[in-house]
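Let's have the full structure, built from the sequences with the hints guiding it.
Residue numbers (the working numbering), protein chains in the order written: chain G, 74 to 314; chain S, -9 to 282.
You may find that some hints are simply not true.
Capping the alpha-carbon separation at 35 Å, the derived lysine-lysine pairs in DSBU-like fashion look like this [as the list claims (entries may be wrong)]:
# : chain 1 : residue 1 : chain 2 : residue 2
1 : G       : K180      : G       : K237
2 : G       : K232      : G       : K180
3 : G       : K180      : S       : K154
4 : S       : K154      : G       : K232
In case anyone wonders, no lab produced these hints; they're calculated from the structure.
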Amino acid sequence: MSAILEVEHLSATINGQLVVEDVSFSVPGTGVTAVLGRNGVGKTSTMKAVMGLIGRAGRVEFDGHRIDREDTHRIVRRGIGYVPEDREVFAGLTVAENLRLAERDAKPRRELVEQLFPDLVRRAGQRAGTLSGGQQQMLSLARALLNTNRLLLVDEPTKGLAPKIVTEVAEALEEAARTVPILLVEQNLPVIERLAHDVVVIDAGTVVHTGDARSLLDDEEAVHRLLGVHAETTPAPEGAK
Amino acid sequence: MSTVVLLLVTGLGLGALYFLVASGLSLIYGLMGVLNFAHGVFLSLGAFIGWEVARRLDPSTWTGFLLAMVIGALAGAAVAALTELLLIRPLYNRHIEQVLVTVGLGLVGVALFEGFWGTDAIFISGPAWMAQTTEIAGARIPNNRFLAIAVAAAVLAALVLFLKHTRYGLIIRAGVENRSMVTALGIDVRRSFTLVFSIGGAAAGLGGVLASQYYGYVSAHLGQTLLIFAFIVTVIGGLGSLGGAAVAAVLVAIPQQLANYYLNGVGDLVAVLALAVVLLVRPSGLMGAKAA
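If you want it as structure tokens, here you go:
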């Protein structure tokens, strides 16, 4: 399987501070690749560096094109959808306005979004800032799914959500992964177990492990050593394998 | 009673001028993070160009005055757009340098205006109706105050409609909240920068023509004088909030007028004190960081 995204020797800085040191990995053209690691090791910064949202150096190739010197909006227009950590919906805009702003295709996939997130349709006129955390996450995902992307970067979509909402988010990602590869930063191991085929583990700004998700999650010692958690400690979302 | 009415309406007129300058300042800062100290140049330029147009056509006619407003606004918009393209854009994300450039342009602008039109104020005239008064509750109020209020209200309404019902308006409102997230949706937010500068420049240019009628003269320092209070209005209203700028313009201008009359000309001090109070009590301003 050829890679849709190749990251080589990527480093990134925020306000002059090195936050990603030397990260290399690739994302296959199908399925979910999970980026794992303890808090503060550089997972979100890696995603932002790929998107051009923070200063970066190194080589990032998307579907054969170098994107490491491109502006963020050009990277997105190449077909990379981005769902940031903490949702970052536009609080002062309505749900409908948030979605309208995200539409960049001539024929946005409104029906898919309405099917996956019917609650958003009912709340179209509501200001996004008044939505619950789960609803905001749905909106953030919906913005990315509106367009026909060739890769999705999704950063901690279940963070701070109730178990029921975690399940809904996982279902939505599972549905999305049928048509588009996903690079997913996630801390919730049962969600990883349910969705991911491959994993990239980052520690102290560098990649310390890559490979098959199942093999890693089955190895309790490796999970504890690499992630600092026990595989069975996090409650599984409904429907987890 | 008539004095209070006169001061209130005159204060509203002054607030209208503040709003025309502050609306652009607020949107520019909200979207781009640029404190534009050159904004007064757009106002003075609009006033001078407007006067040049009016005096060539006949300043006593409405045609001359209306064309002066249109050309003054266009001149402000054009110079603002050039400022953004040539001076601000190359310094994208370098906010300190951007501020320094606008400070420099503000100084250069005043010097250029003095070079072209001299250092003395030029006393101007307009259609006869503007110099007349209308009596309200015993107060004889100069008609140009009503015009300033009406134009500012129309500009506010037009801006709100633009922000709420156009794609660019949507981008600007979102960009004021979170610029990097707008780019992460595939939108080149920098295109909106020129537009916002142009809109701000047009409002300031229009404000220049109206300010020259309000004060009865045009001078190279007209813009810089109003800019100080427009900054106060912008901060009190909330950086990036158009509605906040409108409310704050009134809240600053009316007490300023009342204090000038009843407290021996300490109106400017009242405006500064209001700024200090807002910064202490509500640093984000009255209406936070929203664009509409």
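**Q.** In rising order, the numbers of the hints this structure does not comply with
**A.** none
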